[in-house]
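With chain G's structure known, arrange chain H on it following the hints.
Residue-level listing of the chains:
There are 2 protein chains.
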Amino acid sequence: MTTLKLVPTSVSLVEKAMVRVRDYIRDNDLKVGATLPGEGHFAAELGVSRAVMREAFGALAALHQIDVANGRRAKVAAIDGSVMASSIDHAVATSQVSVADVWDVRRALELRTVALAAQNCTPDQAAAILAAAEGMAAAAHDISLLSRADIELHRAIASASGNPLFLQIVRSFEGLLEVAVPRAWDTRETEQQRRDMLARHLEIAQAVASHDVGGAIAAMDAHFDASIGDLIRNGDAA
Amino acid sequence: MTTLKLVPTSVSLVEKAMVRVRDYIRDNDLKVGATLPGEGHFAAELGVSRAVMREAFGALAALHQIDVANGRRAKVAAIDGSVMASSIDHAVATSQVSVADVWDVRRALELRTVALAAQNCTPDQAAAILAAAEGMAAAAHDISLLSRADIELHRAIASASGNPLFLQIVRSFEGLLEVAVPRAWDTRETEQQRRDMLARHLEIAQAVASHDVGGAIAAMDAHFDASIGDLIRNGDAA
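Residue numbers (this note's numbering), protein chains in the order written: chain G, 1 to 238; chain H, 239 to 476.
So that you can see chain G by itself, here it is in the shape it has in the complex:
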């Protein structure tokens, strides 16, 4: 390994370059998939080096605001939950936020997504929600299949809310769910506990599908009461 110290590019120049690209997107009213000018265009316009622009494009790509594929022009990117997911995973990994804190935020959001889904869901969306709840029951003791159907149910409800920001935030919890959900199912020791949890999920799905807003909220609330109870029993809530 070399001892050569790479001179760090000034953070403020990179930030200025990032702001310029964001302003370009906004001022030109660009939508998802629209092509951006190359790094060279912005570098010349701002009077900064290609290296600075390259770092700015890299940071914007890390934030999923632009897509950069090798050899092609950068495009405006669609939001996806992965940026928030990455923040939340980091906060939990470094003990800045507990799993119980995350679950309380999820509850606040999902009490609303379930109400909106019960109000707004189309027949196709209702069918997908019911299918996910039935998939959980059909998975029986295959915890991995069951967990996937559980995550899919919450995602289908958020999707049926009709508000894409709810969907993205709910999806940003999926990384944690992939760890926590199988663990929670593993610790539901008795058949009765498992049957109760499956029944609660089916109840949520049926209330949404039949446009029963109050019932959907009550069933989701009962579900979170039980899950947060599980978390606390498992010592994840610290």
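Don't read these hints as lab results, they were simulated from the structure.
The structure presented is a predicted model; accordingly, all values stated were derived computationally and were not measured.
Each statement offered as a hint is correct.
Derived lysine-lysine pairs resembling DSSO-like cross-links, with alpha carbons at most 27 Å apart:
#, chain 1, residue 1, chain 2, residue 2
1, G, Lys-16, G, Lys-75
2, G, Lys-16, H, Lys-313
3, H, Lys-254, G, Lys-75
4, H, Lys-254, H, Lys-269
5, G, Lys-31, G, Lys-16
6, H, Lys-313, H, Lys-269
Label-pair distances were calculated between CB atoms; the ranges are:
#, chain 1, residue 1, chain 2, residue 2, range
7, G, Arg-72, H, Ser-382, 42 to 52 Å
8, H, His-379, G, Gly-71, 53 to 63 Å
9, H, Arg-258, G, Ala-222, 39 to 49 Å
10, H, Val-417, G, Ala-127, 36 to 46 Å
Glycine included, every Cβ here is placed at the ideal spot set by N, Cα and C.
Below, chain H without anything else, positioned relative to chain G:
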């Protein structure tokens, strides 16, 4: 400008490098402020170039998971709302999400933060919340001062919730609020409209300070009904 094409570093190598740094933080149970090994350490360990590691560090810094200051070792970073803020601002700027969508998410979150704040706030937190509401009234017709106090009130409530994830998500809306709040106040044409809005904020603050959970939720809900009504009238809700 040169026509030299910089060869893009493989995205998958950079992603692999990012995962390695995240795993290092997790496996060593590092907390905010802890110092990371240099880029050279990870480059040697992974058998990748310094350029790849430098890009990975840059992406992690863009995601506010590490802090890189010129000439110093990278440190584990504290979460702040700016990453989610940047995602939300991008989604709104590119019409993927409407301002009304954002306000509905805020409402879901802030109905819970206000309930938690009413349950949990310390005397100092209650004083800060009341001071912000009184600051709004004292600002009279200085819209900029009034808007700052309005944003401060919502932040103080989220802070008093005791759940740092709520605080960071609520803070991530502040960029939009800095635009939307002065605009909403500008369009409250009559003295009566302004007085009503100030009274609703004071009502929220007083309910929180007196630990009246139900009253705090009801007052916050009335506030959002009114603000979302303003948005729709101003045509921001499209």
